[in-house]
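**Student:** Listed in order, the protein sequences are those of chains A and B.
Heads up: the first sequence begins at 24 in our numbering, then just goes up one per residue.
Heads up: the second sequence begins at 17 in our numbering, then just goes up one per residue.
In case anyone wonders, no lab produced these hints; they're calculated from the structure.
Owing to the predicted nature of the structure, the values given are computational and were not obtained by experimental measurement.
Fair warning: there could be bad hints in the mix.
Here are a few chain A residues that face chain B, going by a calculated C-beta distance under 8 Å [to be verified]:
1. I43
2. L400
3. R410
4. L435
We put the beta carbon where it would ideally sit given N, CA and C, even for glycine.
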Amino acid sequence: MQLPNLTIREASDLLATKKISSVELTHATLQRAHEIDPKIKSYVTITDDLAIEQAKKADERIAKGENVTPLTGIPFAAKDCISTRNIRTTCSSKILEDYVPQYNATVINKLADAGAVLMGKTNMDEFGMGSSCENSAFFNTHNPWDLERVPGGSSGGSAAAMSASLCSFSLGEDTGGSVRMPAGFCNVTGIKPTYGRVSRYGLISLVSSFDCIGPMSRDVYDCATVLETIAGHDPQDSTTFNSPVPRYTQHVTKSVKGMTIGIPKEYFVSGMEAGVESSIQEAIRTYEKLGMKIQEVSLPNTKYALPVYYLLLFAEASSNLARFDGTRFGLSVSENAKDVIDIYLQTRHKGFGDEVKRRIMLGAYALSAGYYDAYYLKAQKVRTLLRRDFETALASCDILLAPTCPTTAFKLGEKTSDPLEMYLSDIYVVATNPAGVPALALPAGFSNNMPVGMQLIGKHLDEQTLFQVGHAYQQETDWHKQLPNI
Amino acid sequence: MAQQIDTEMVKHVAFLVRLGISDEEAQKFSGQFSSIIDYFNMLNEVDTENVPPASDITNNTNVLREDVAKPSMSREEFLNNAPQSERGYVKVPTVLGDE
């Protein structure tokens, strides 16, 4: 039995029946991470001692039978934009390279309360700006299925670590596909919850009105287990919903017969890799066999999703990243600084990578006098239309089905010279974030030996249906059980 | 509609976001910005007459809480992360100029 390959549910059963201990599981997973990760480079920080300490506590909880949850004793990794008290949190940026937060994000506290074991922090595109993890200021992360390819981004480290069994689940963060796109590239399951379902407190903001923390896992059941633990109202984040969190796992096995899947016709256009298209068509046939109805729907403003998304991202990010100014925390460059502005200019010049610089400058441009109406305001209006598109399409069906990316994972370096070309890889995943709707990504097959991802998109706060429909697919297929040979 | 963003404009927005920038960088970004902004101009095709701008996507109304003092991070702990501090304050060079 390879302990790191277990699902949360399998490991949890073995822990509950005392066939294994959390220390054994955590130790085995840490050992594997130290052995394999030098090739993949998914972790920025591995917290060995702390993990073993937390595992011991989890074992005590289990021994006493006190407060045991399905995540007690389960090792996980968190994207490095999620604040962890006394553990370096870098956003894979030079400007936060040595930053150690004084507090935990709410999701970290919730997982600690549940008894989960934090193993470390994972690599990402700097501040979440990128689709390949190549914008990390530290190093590239490699796709466990082919080390010459990217893991996707921006939560590339979390996806690669999950894919290579270097943790039992991970936390990613999805601003415009950053959980789903790398999940698809690495053959793991991941969800972008409804905006406001999971607290953003302690998440280092990229786009405050898009950002969603979401779990990545081996299968849908595990994903539901983690989401029901981390979701819910938080007084520290006024955008979180007050409504109770359903026990998703109790209902995942419900039949999907008679439900309707909408296929957005705008998503099936030229440019899609043949193997991706055939995998998605095969998934549709699987659902037909399960008694689901398939109907074509239209999201007429799809072609505008990408410019809307990027414009609003640039604008919000330029404002959010103003806090990194070299005076209160993080990198500070003050050589011969004659005034405080000098510190800002030097610190930000040295601390930010090119993609971050591009985006905050373009954001300032889009927000500046004379351009505000033409760009920012116009994008917010088209955003309303994008949201209406989803409302209209989802009024006639239960969920939508689409690929997560037009291609499988591309090669390292293939798209780094042209920023716009890189942006286009997000074409299927960006529209959900301006609209706020939830979407679940799951493995749907292989094209030229590389994983194909599909996503199910649902109504606001209807993660339940996504899990149910995703779980039904994973009962019929075993793509999600395929592991990279590494 | 191609829109040129020249190096002067790049330097101007760099200063707006308090980002130091070299001439070579301004040159490089200038070319990239023009093609990205050109791509954004695609939005001009969309008819948004009578469409309100999105503001909030959760339909939340005002979220208020009782105004009660609670323990928070200590000054000492906060200052652990400050690059420079003195007598319990964050220290920076001159903020206001001579004028």
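**Student:** The structure should be examined with respect to each hint, and the outcome stated for every one.
**Tutor:** The hints, checked one at a time:
| no. | hint | in the structure |
| --- | --- | --- |
| 1 | I43 | 38 Å, violated |
| 2 | L400 | 6 Å, holds |
| 3 | R410 | 6 Å, holds |
| 4 | L435 | 21 Å, violated |
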